[in-house]
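Visitor: Construct the complete structure from the given sequences, taking the supplied hints into account.
This is what each chain is made of:
Number of protein chains: 2
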Amino acid sequence: MDIEQFRKAGYQAIDRICDYYYALQQSKFSVLPDVEPGYLRPLLPSNAPETGEDFSQIAEDYQKLIVPGYTHWQHPSFLAYFPAGFSFEGILGDLYASSVSNPGFNWLASPSCTELESIVLDWASQMLGLSSSFLNSSGVGGGCFQNTASEAALVAIIAARSAYKAAYPDTKLEDMRIYTTTQTHSLGLKAGVILGLSVRALEVTREDNFSLRGDTLRSALEEDKKKELHPFILIATIGTTSSGAVDNIAEIRTVTADFPEIKIHVDAAWAGMALVCPEFRELCFLEDINAIADSFSTNFHKWGLTNFDACPLWVRDRKYLTDALDITPPFLRTAQGDAGIVVDYRNWHLGLGRRYRSLKLWFVLRGYGVEGFQKHIRKAVDLNKFFVELVTSSNMLSLCAPPSLALSVIRINPKPSASNQATLPEDALNDLNKLFYGKLSARKDIILTQTVLNGQFCIRLAIGSAFTQEVHIRDAFELITHEAKLALEAWEQPQIGA
Amino acid sequence: MDIEQFRKAGYQAIDRICDYYYALQQSKFSVLPDVEPGYLRPLLPSNAPETGEDFSQIAEDYQKLIVPGYTHWQHPSFLAYFPAGFSFEGILGDLYASSVSNPGFNWLASPSCTELESIVLDWASQMLGLSSSFLNSSGVGGGCFQNTASEAALVAIIAARSAYKAAYPDTKLEDMRIYTTTQTHSLGLKAGVILGLSVRALEVTREDNFSLRGDTLRSALEEDKKKELHPFILIATIGTTSSGAVDNIAEIRTVTADFPEIKIHVDAAWAGMALVCPEFRELCFLEDINAIADSFSTNFHKWGLTNFDACPLWVRDRKYLTDALDITPPFLRTAQGDAGIVVDYRNWHLGLGRRYRSLKLWFVLRGYGVEGFQKHIRKAVDLNKFFVELVTSSNMLSLCAPPSLALSVIRINPKPSASNQATLPEDALNDLNKLFYGKLSARKDIILTQTVLNGQFCIRLAIGSAFTQEVHIRDAFELITHEAKLALEAWEQPQIGA
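If you read the sequences in order, they're chains A and B.
Per our numbering, residue 1 is the first one in the first sequence, and the count goes up by one each step.
Per our numbering, residue 1 is the first one in the second sequence, and the count goes up by one each step.
It is possible that part of the hints are untrue.
[Unchecked claim] With a straight-line Cα cutoff of 25 Å, these simulated DSS-like cross-link-like pairs (lysine-lysine) come out:
| no. | chain 1 | residue 1 | chain 2 | residue 2 |
| --- | --- | --- | --- | --- |
| 1 | B | Lys172 | A | Lys225 |
| 2 | B | Lys172 | A | Lys165 |
| 3 | B | Lys172 | B | Lys375 |
[To be verified] To give an idea of the interface, some chain B residues facing chain A are shown, with a C-beta separation under 7 Å as derived from the structure:
| no. | residue |
| --- | --- |
| 4 | Ala48 |
| 5 | Thr51 |
| 6 | Ala84 |
| 7 | Leu173 |
| 8 | Asp175 |
| 9 | Thr182 |
| 10 | Lys190 |
| 11 | Ile194 |
| 12 | Val342 |
| 13 | Gly372 |
| 14 | Val391 |
| 15 | Phe467 |
| 16 | Gln469 |
| 17 | Val471 |
These are computed hints drawn from the structure, not numbers from a lab.
Predicted, not measured: the structure shown is a model, and the values here were computed from it.
Every residue gets a Cβ at the ideal spot worked out from N, C-alpha and C, and that includes glycine.
Guide: Structure representation (structure tokens):
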């Protein structure tokens with residue numbers, strides 16, 4: 001493909017993306033695709049072609065074969081998992097970045113990639129209200145993109161393990177422990193299996209809204225210390241995946257003051273973006289995070305308007321990362337790196353080559369401004385309030401946990417007056433709700449996610465697509481109510497027959 | 001930004017990318033930027049703007065402030081590190097993929113993302129001549145994108161550690177050993193520090209062209225076994241970074257037949273792409289790789305025409321990965337995953353969310369065809385032959401290792417007849433070549449990388465940009481010769497004075 005052919009194909013791509021978003025805004029297609037597992041293989045040849053093909057044919061096949069197999073994360077009725085960040089500015093940032101195909105691992109490997117990342121993550125840090133200790137401009141702390149929140153947590157754990165081993169060199173890996181809660185994202189357990197380290201998931205209760213409390217942490221630390229085990233890091237969460245729970249960082253702060261060897265990583269993958277709004281900062285324990293977190297991570301590619309991927313990790317001391325991860329063979333040495341006058345970000349993360357992500361975040365921050373981010377967050381929170389009102393007024397549905405920002409967790413729990421039954425026992429409720437979720441997940445016009453909260457099967461609804469409006473939430477509620485009725489009828493049917 | 005504003009900004013981006021490549025083809029700017037460390041911060045505000053800005057202003061600032069800070073990896077005179085993959089098809093693939101911002105970690109999270117990856121990596125595997133055991137369609141083995149070759153190796157090591165611990169559960173992590181050679185990419189050492197495992201770098205010699213030999217491996221294995229240490233994986237390299245050395249997989253095959261507990265990961269990050277050409281397969285030990293490799297990785301984002309990033313990892317048995325990495329919390333369960341009828345790629349790598357990379361590789365494979373890839377590889381190898389001829393005819397320069405595919409490693413080593421001196425001692429030669437490299441790296445019109453080969457300081461020249469032609473190699477040679485002369489003069493000056 002020559003430059004002029006690229007121009008033509010590029011214009012076509014831009015036009016088709018415009019068509020796609022016009023159609024999506026108007027809900028002209030369902031959020032879930034109508035395909036079965038294995039749909040694609042029979043539609044494609046079993047080998048790459050011997051000779052190159054014309055791009056117009058490739059572009060046609062893309063429209064015809066690939067687009068119909070998408071789950072549309074930007075669809076107004078996408079309410080599963082957490083939202084995937086999106087903005088037109090983000091696409092443009094990715095486009096310009098991709099066009100220079102630059103794995104800028106060293107400063108010299110592309111000065112503007114490194115320098116823009118350093119500056120833009122300072123902008124982002126300040127927008128979220130993080131302490132100035134986390135600024136790249138501090139020369140001590142700093143921020144750097146990781147691939148995902150899982151990898152950000154993994155890097156934080158590796159840094160903490162390294163710091164702990166430096167302080168206590170005789171510690172056996174087998175005796176070292178990562179602390180999470182039972183509600184921490186699977187990234188905690190996965191980091192454990194990746195590193196071959198044990199993970200202790202601290203218990204949290206429904207009464208505490210699934211938030212880690214200081215007493216639980218203190219007891220566990222004392223217990224493990226007695227057993228000569230070595231807890232060395234706590235992954236605290238601001239906004240868990242299952243219910244949006246927020247660990248009590250104020251109490252954690254008090255406890256860890258007595259255990260200064262424990263590092264704290266704050267995983268705010270989803271909810272961290274709410275820190276752009278001053279009114280959510282106390283709820284998210286910002287002051288305590290700023291006081292004690294050794295590292296903090298949030299995903300601009302979730303609720304932050306930025307196309308996947310864009311996950312910064314900030315640390316209070318960059319040597320925390322580089323002491324653990326700096327490997328510099330001769331072929332990666334540069335005059336600037338040797339002189340110590342530049343940052344070589346490859347020493348802040350797992351891999352070597354790195355995607356050029358700062359450009360899109362720069363575009364998005366400038367395109368929206370702080371106010372645009374605040375508006376985006378507040379809109380989703382307001383839509384969730386609206387949804388919660390609808391649930392509260394329902395005879396069939398109830399909340400399984402307090403709503404958290406733009407996330408609600410619900411289940412069918414028929415009020416006795418609304419049915420002929422008394423309150424159902426928990427086991428039966430779980431079965432009923434699995435039946436209910438089965439019905440919901442058989443539909444193509446909505447997507448929600450299941451979860452389990454301390455034994456209670458429930459259904460999550462997470463708001464945040466840039467295109468979701470009140471009408472979509474109302475439609476979602478009506479559809480959920482409709483399926484709940486059918487589930488209850490199906491449930492009661494065999495009961496009568498029994 | 002609304003859809004029509006995006007269309008306008010998108011057309012502009014496409015046009016500017018065209019402008020950029022016209023200018024680059026004509027070498028209208030230098031490969032290295034003329035900026036000093038810290039150039040960008042004073043040019044940008046210290047905070048994100050409060051209100052959103054017009055995109056035309058942002059796009060202007062991009063041209064004015066960011067582009068002048070790029071190291072141009074696609075420049076015809078980019079001869080450092082290894083090439084960064086590029087094609088217009090790759091940009092278009094990234095553009096379409098970015099436009100749907102989809103972190104397709106589960107099949108359901110986007111069926112076409114998962115299915116296209118599975119099919120396209122089969123195409124790629126067949127194009128490279130890998131055994132059918134590595135095909136996704138085998139239902140047993142398979143391929144999956146990782147972030148980089150470093151992470152591919154890390155994942156392979158984690159899988160091997162997990163398999164070893166399953167077979168020998170009493171093994172202490174402290175006693176487990178990763179095997180590499182002294183020439184293995186720093187990814188080996190880095191994996192060791194990440195996992196807290198020791199790494200034994202086996203010696204290789206200049207006489208063996210820096211290739212790992214069977215006897216060295218066997219001695220090390222026997223020695224470590226005697227010490228009750230547990231080597232559990234060997235990272236073998238096809239095309240090392242420093243000199244393009246190829247470990248002797250045939251001999252490794254013979255040795256590891258006696259040590260079946262040792263897993264083999266083949267890192268062919270750069271040179272693996274040469275396997276598209278049948279004439280390079282023997283040199284790269286393809287038959288032996290197909291016989292013994294548990295995992296194999298190569299970067300389409302290096303020599304493979306695909307924009308960063310595109311790094312597949314193939315395994316002979318997918319359970320090798322999933323046994324080590326599958327963590328499935330309730331909120332990630334799906335009906336299709338539970339039924340075992342789909343692949344959920346999140347269990348094949350470190351993170352959870354994953355970039356949608358198959359689209360660009362599909363575009364590139366179709367746009368070029370197998371023939372297009374072969375042509376691209378052969379052109380770079382031929383250009384390197386041309387460079388080697390020039391070096392061989394030089395009185396000042398010599399090769400430090402046999403040329404490997406499209407990589408040459410050189411240094412000044414004046415032939416006695418060309419100077420008044422006898423052959424210089426090694427220490428002096430190293431100093432001279434550091435001076436030489438200092439001169440080369442002060443220039444903006446070429447970029448090369450330094451390395452050290454068993455104590456010998458030398459300079460790498462790696463060919464592979466899509467735009468590099470014979471004229472650029474001739475120019476590079478002349479420029480190198482010019483700087484070599486100046487270095488020799490500067491070197492001889494104080495000698496005379498002394």
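Visitor: Hint by hint, say whether it matches the structure.
Guide: The hints, checked one at a time:
| no. | hint | verdict |
| --- | --- | --- |
| 1 | B:Lys172 x A:Lys225 | holds, 21 Å |
| 2 | B:Lys172 x A:Lys165 | holds, 16 Å |
| 3 | B:Lys172 x B:Lys375 | violated, 49 Å |
| 4 | Ala48 | holds, 4 Å |
| 5 | Thr51 | holds, 4 Å |
| 6 | Ala84 | holds, 5 Å |
| 7 | Leu173 | holds, 5 Å |
| 8 | Asp175 | violated, 11 Å |
| 9 | Thr182 | violated, 10 Å |
| 10 | Lys190 | holds, 5 Å |
| 11 | Ile194 | holds, 6 Å |
| 12 | Val342 | holds, 5 Å |
| 13 | Gly372 | holds, 5 Å |
| 14 | Val391 | violated, 19 Å |
| 15 | Phe467 | violated, 11 Å |
| 16 | Gln469 | violated, 15 Å |
| 17 | Val471 | violated, 19 Å |
Hint compliance for this structure: hints 3, 8, 9, 14, 15, 16, 17 are broken, all remaining hints hold.
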